[in-house]
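S.K.: Each chain, letter by letter, is given below.
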Amino acid sequence: MNPAVVAFVALFRRDLLLAMRRRGDMANPLIFFVMVVSIFPLALGGDPRLLAAVAPGVVWVAALLAALMSMDALFREDFADGSLEQMLLSPCPHSVLVGARVLAHWLLTGLPLVLLAPLLALLLNLPTEAMPALLLSLLLGTPVLSLVGAIGVALTVGLRRGGMLLALLMLPLYIPVLIFGAGAVEYAASGQPWTAPVLFLAAILALAVTLAPPAAAAALRVTMGE
Amino acid sequence: MNPAVVAFVALFRRDLLLAMRRRGDMANPLIFFVMVVSIFPLALGGDPRLLAAVAPGVVWVAALLAALMSMDALFREDFADGSLEQMLLSPCPHSVLVGARVLAHWLLTGLPLVLLAPLLALLLNLPTEAMPALLLSLLLGTPVLSLVGAIGVALTVGLRRGGMLLALLMLPLYIPVLIFGAGAVEYAASGQPWTAPVLFLAAILALAVTLAPPAAAAALRVTMGE
Amino acid sequence: MFRYLHEWGSPPVFYARAGRWQRGLWALSALLMLAGLWGGLVLAPVDYEQGEVYRIIYIHVPAAWVAMFAYVVMATTGAIGLIWRLKVAEVITSAGARVGASFTLLALATGAIWGQPTWGTWWVWDARLTSVLVLLFLYLGFIALENAIEDRRSAARACAILALVGVVNIPIIHFSVYWWNTLHQGPTVARLSAPAIHISMLVPLLLMALGSMLFYAGALLSWARALMLERERSSRWAAREVNT
Amino acid sequence: MTVAADPRLEVRGLTAWRDDRELFHALSFTLEPGAIAHIEGPNGAGKTTLLRMLCGLLSPAAGEILWAGQAMSRCAGDYARALGYVGHVDALKLDLTPTENLRVASALAGRPASTAAVEAALGYAGLRGFEDVPARQLSAGQRRRAALARLQLQGALLWVLDEPLTALDVSGRAWVEATISDHAEAGGMVVLTTHQPMALARRREVTRIALEVAL
Amino acid sequence: MTVAADPRLEVRGLTAWRDDRELFHALSFTLEPGAIAHIEGPNGAGKTTLLRMLCGLLSPAAGEILWAGQAMSRCAGDYARALGYVGHVDALKLDLTPTENLRVASALAGRPASTAAVEAALGYAGLRGFEDVPARQLSAGQRRRAALARLQLQGALLWVLDEPLTALDVSGRAWVEATISDHAEAGGMVVLTTHQPMALARRREVTRIALEVAL
Ligand code: HEM
Ligand SMILES: Nc1ncnc2c1ncn2[C@@H]1O[C@H](COP(=O)(O)OP(=O)(O)OP(=O)(O)O)[C@@H](O)[C@H]1O
Ligand SMILES: Nc1ncnc2c1ncn2[C@@H]1O[C@H](COP(=O)(O)OP(=O)(O)OP(=O)(O)O)[C@@H](O)[C@H]1O
Ligand SMILES: [Mg+2]
Ligand SMILES: [Mg+2]
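Sequence lines, in order, name chains Y, X, S, A and B.
The opening residue of the first sequence carries number 1 in our numbering; numbering runs sequentially from there.
The opening residue of the second sequence carries number 1 in our numbering; numbering runs sequentially from there.
The opening residue of the third sequence carries number 1 in our numbering; numbering runs sequentially from there.
The opening residue of the fourth sequence carries number 1 in our numbering; numbering runs sequentially from there.
The opening residue of the fifth sequence carries number 1 in our numbering; numbering runs sequentially from there.
Careful, some of the hints might be misleading.
To be verified - Chain Y stretches covered by chain X per the calculated footprint, using a threshold of three residues with CB under 8 Å from any CB of chain X:
no.	region
1	35 to 46
2	54 to 62
What the hints assert, rightly or not - Below, in silico cross-link-like pairs of lysine to aspartate or glutamate (EDC-like), each with a Cα-Cα straight-line distance of 20 Å or less:
no.	chain 1	residue 1	chain 2	residue 2
3	S	Lys87	S	Glu230
4	S	Lys87	S	Glu7
5	S	Lys87	B	Asp6
6	S	Lys87	B	Asp132
7	S	Lys87	S	Glu150
8	S	Lys87	S	Glu241
Said to hold, decoys possible - For each label pair, taking beta carbons as the anchor points, the in silico distance ranges come out as:
no.	chain 1	residue 1	chain 2	residue 2	range
9	S	Arg17	Y	Ser190	56 to 62 Å
10	B	Thr30	Y	Arg13	36 to 42 Å
11	X	Arg22	S	Arg233	18 to 24 Å
Hints were generated in silico from the structure; no laboratory data involved.
Beta carbons are placed, not taken as given, at the ideal position from N, Cα and C, and that holds for glycine.
Take the sequences, apply the hints, and build the full model.
M.R.: Structural data, given as structure tokens:
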């Protein structure tokens with residue numbers, strides 16, 4: 001087999017194995033997501049119409065923040081324990097290695113979040129007609145969050161307080177995903193057609209899949225060679 | 001001078017000095033705060049009336065998340081480089097040492113956030129009548145976030161992915177602050193009297209100032225003796 | 001010609017030449033701006049809808065234009081620095097972020113000041129305003145990243161990658177923001193009706209815009225010189241430069 | 001250094017478990033002023049575990065640690081004042097200079113040192129010229145030197161050192177050996193581990209405590 | 001190990017700056033198959049800096065590094081295949097066992113190893129009985145052994161070792177010395193730093209490269 005494929009599989013399996021070993025931590029992004037969504041009714045005072053109006057936005061903002069916070073784990077630990085250095089010394093193309101890690105990250109944090117979102121949307125009184133739009137937009141949008149986030153993490157790895165800096169760098173880049181994602185859900189909730197924003201999300205995803213891994217790999221090489 | 005006072009001053013000055021050395025990082029919590037507030041209109045669609053209705057809640061939730069994220073820096077770095085161990089071996093009362101760090105943390109992150117909040121509230125079309133309530137509630141509430149957060153950080157320090165776990169532990173404890181804080185602003189915005197929630201916040205602050213440092217110190221001793 | 005361009009890549013040559021250029025740019029810019037201001041504040045008629053307030057346009061619009069232009073310049077020089085590892089390109093990129101951020105801030109501030117009397121509010125979540133705010137965030141992210149990385153060379157390269165990622169995103173952001181807002185437009189805000197601008201207002205505006213562009217170029221070179229001197233502080237030419 | 005009434009470290013029947021494995025069983029020894037204890041044992045024997053127990057950073061499965069005749073937890077403040085620990089990590093703030101690091105460390109130990117004292121200690125540690133460089137820019141061995149310089153300023157009576165020679169060059173090693181001998185000479189106590197041969201100049205009595213690997 | 005056409009490490013006029021200080025100037029040396037280079041120098045001389053440059057993790061201020069006659073950046077893939085690096089940190093995932101760690105490391109190096117091969121390497125490193133214990137529960141020396149066991153599995157031709165003896169006990173040191181001698185005997189190359197005396201059994205020629213402290 002091609003050594004790059006072997007390395008991809010090995011790294012991907014390693015990340016799943018690590019997640020298994022720390023089963024407790026695995027649920028964390030999910031619980032964070034649930035919490036951010038559920039403090040909103042507390043902060044807004046519980047008026048059901050107001051909640052329904054803000055539901056698409058709140059679910060999407062919460063998903064975005066959960067992705068952001070879990071993203072940090074992607075490379076930071078590897079940096080501290082020297083594994084990242086070893087990864088960069090590998091003869092396999094670095095973008096392949098980054099790809100393996102991003103895929104594992106999305107499977108472990110993005111996907112569960114997508115599956116849980118409809119339940120939370122119900123809590124916020126989002127009309128059921130909007131559920132397909134919510135699911136589809138999250139399904140297309142969360143991988144973009146992981147992919148673009150990988151670039152940000154690669155740029156900030158090894159910096160003190162990198163987590164905060166990461167948020168700063170990533171939020172502007174996340175804005176299109178947020179607008180199209182929340183937009184699709186809002187249209188669906190108000191009975192308008194919502195295919196256009198979902199198509200945009202799909203296009204952004206295609207762009208991110210092709211461009212983000214090499215960009216993240218390049219960023220890693222720069223920040224590691226500090 | 002009392003050695004405990006000397007240690008308090010030394011630690012407090014150290015944290016300010018560290019912040020000076022990393023002037024760039026200092027603004028990060030603030031920028032994060034600004035960003036979270038400004039992505040909400042993007043997610044909600046920019047209708048000024050809807051924004052005004054959610055403004056108190058959004059500003060408070062953003063303040064809470066910014067405090068949470070910056071909090072992590074409070075002890076985590078000290079843990080990784082061994083300073084925390086040395087702090088625990090000090091003969092001075094540990095709650096005094098914790099107090100010094102929390103005070104520095106609040107001065108460096110909480111206070112600037114309080115000062116910036118009115119500007120952001122303006123962006124969200126919060127009526128100007130509500131500004132005093134916003135300022136006062138944040139002024140009383142953000143130190144509580146720092147103090148209670150210190151307990152959470154002390155409990156999770158040294159755990160992988162502690163940041164996420166911290167969020168889980170802290171959000172429930174932050175809820176009273178959030179309810180009274182956002183409540184005070186909402187009352188003020190709708191012309192109702194808002195002294196009661198602010199008094200509650202003051203009482204919570206008094207409680208937190210007396211109880212949080214010893215609790216955080218005890219938590220530190222427990223997690224360090226792992 | 002090629003040789004002349006090539007020489008710009010050497011730090012001491014850059015430092016010396018940029019010093020000369022910078023003075024010229026500033027002089028020309030001052031001239032244009034004075035003319036523009038005279039035309040705008042004295043000659044141009046009062047706007048029949050807004051009164052005197054509208055004259056802030058002579059700062060606001062040029063600032064907004066430069067703010068957007070500066071990002072493209074920053075990404076371009078960033079790419080050049082990344083590919084050819086030119087120190088000069090790196091310092092220009094870094095200077096560009098600062099100057100660009102200042103102009104963005106100026107556009108935001110003048111816009112907000114203008115908004116208060118005309119729209120009755122400092123800020124609305126309108127597509128154009130939002131995209132300028134996002135632009136400011138991109139600049140601030142760039143500056144924060146640069147501050148956080150210790151080594152100047154790797155900071156420059158990391159920031160160049162960020163600028164490039166940002167530039168890929170700018171059309172997407174621009175597009176999404178406009179598209180988002182046209183469909184969710186809040187109905188309440190009274191917008192400035194856009195009358196075809198009178199020639200006596202247009203000419204000063206264009207003069208101001210050109211002046212601002214030259215001012216921007218001068219500021220860029222001046223910042224870049226300072227950064228270059230700091231970076232090269234251990235070299236002989238820099239020591240000579242500081243001592244004289 | 002302040003000397004307690006009867007400064008003496010007694011370890012009685014100390015037992016350590018890690019998961020399901022007993023590392024050492026009913027370990028007892030006593031350290032009088034002027035004594036040096038060298039904990040020996042192969043990798044994984046439990047040396048670090050023992051030292052962290054002596055510092056109160058880990059609790060033993062059985063047995064007790066007495067300071068001046070009192071259980072460690074009973075005289076926490078006194079014991080903390082007497083104790084100086086340098087572990088595997090250096091406990092330096094990388095954005096502060098060695099001088100600033102040591103000033104904070106001495107204040108935390110309840111014994112604030114003047115800048116002059118700090119600079120003298122750093123000079124003695126071979127860091128002259130690096131006093132005002134952020135610790136981030138020091139090499140591994142230079143950081144280790146700064147960490148060890150802490151001991152002198154804190155004026156601790158009992159030094160607990162985990163592999164103090166890590167990353168040190170020949171001159172650094174000689175400095176550590178001299179410092180330890182001097183400290184013992186002046187009535188201090190030292191518990192240390194190292195896998196490297198140490199020459200303690202004045203040939204003071206060194207108690208050797210051997211741990212074995214239990215599999 | 002696969003051997004390139006003309007596996008040879010050439011360092012030409014390498015110069016390193018850290019901030020405003022030149023660490024070494026125009027350093028040149030060549031390493032032929034079977035050779036060992038020992039970088040010597042006091043703390044802060046620039047040894048770690050040099051090794052990281054050899055790995056391409058830092059870029060030099062001037063000079064170049066050639067592998068098999070080609071500039072390092074030109075033959076990135078070949079050079080990466082030939083290179084094995086063990087730095088100050090161990091690069092182990094603490095939640096994985098040594099076996100799992102080594103399997104991933106070998107796959108990343110483009111040379112996936114069977115479980116049997118991994119266990120043999122771990123046994124050789126003195127970690128028999130610890131193959132399936134999470135690395136978090138290993139002592140400092142045991143982790144170091146696991147990190148060094150990586151070299152053998154990756155089948156690298158050029159080993160770059162920064163203080164390999166850190167935290168190792170007597171038997172561990174003997175193992176490292178034997179491994180290095182064997183590797184050189186088999187035509188491999190080694191660049192290492194250590195402040196501890198090393199006995200390289202078969203007395204192969206060791207190039208000593210001395211760095212000095214520039215203040
Ligand atoms: C913070 C608030 C504001 C921001 C961020 C902002 C931003 C901008 C930007 C980016 C442009 C250049 C657009 C382009 O050429 O594509 C611009 C142009 C302009 N702005 Fe603003 N603006 C703000 C407030 C206002 C206000 C309150 C007014 C007047 C009521 C105004 C009037 C104009 C006019 C007349 C132009 C030139 C027209 C054109 O070329 O399209 N702006 N502004
Ligand atoms: N990140 C950095 N920034 C600036 N200077 C640094 C940095 N890291 C190291 N230095 C400086 O470079 C010099 C060499 O450091 P290096 O780590 O290469 O030394 P070394 O020879 O490995 O020393 P040791 O034996 O202590 O490990 C040191 O004097 C140090 O001050
Ligand atoms: N956190 C832990 N959880 C479980 N077991 C541990 C933990 N830390 C260490 N151990 C086990 O305890 C034993 C002793 O570890 P310790 O670190 O005390 O050894 P050591 O004597 O200091 O070895 P070295 O010379 O390698 O530093 C080891 O065999 C290790 O497997
Ligand atoms: Mg140990
Ligand atoms: Mg070194």
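S.K.: Hint by hint, say whether it matches the structure.
M.R.: Verification of the supplied hints:
| no. | hint | in the structure |
| --- | --- | --- |
| 1 | 35 to 46 | holds (count 8) |
| 2 | 54 to 62 | holds (count 6) |
| 3 | Lys87(S) with Glu230(S) | 12 Å, holds |
| 4 | Lys87(S) with Glu7(S) | 12 Å, holds |
| 5 | Lys87(S) with Asp6(B) | 35 Å, violated |
| 6 | Lys87(S) with Asp132(B) | 51 Å, violated |
| 7 | Lys87(S) with Glu150(S) | 16 Å, holds |
| 8 | Lys87(S) with Glu241(S) | 18 Å, holds |
| 9 | Arg17(S) with Ser190(Y): 56 to 62 Å | 60 Å, holds |
| 10 | Thr30(B) with Arg13(Y): 36 to 42 Å | 41 Å, holds |
| 11 | Arg22(X) with Arg233(S): 18 to 24 Å | 21 Å, holds |
Violated hints for the displayed structure, listed by number in ascending order: 5, 6.
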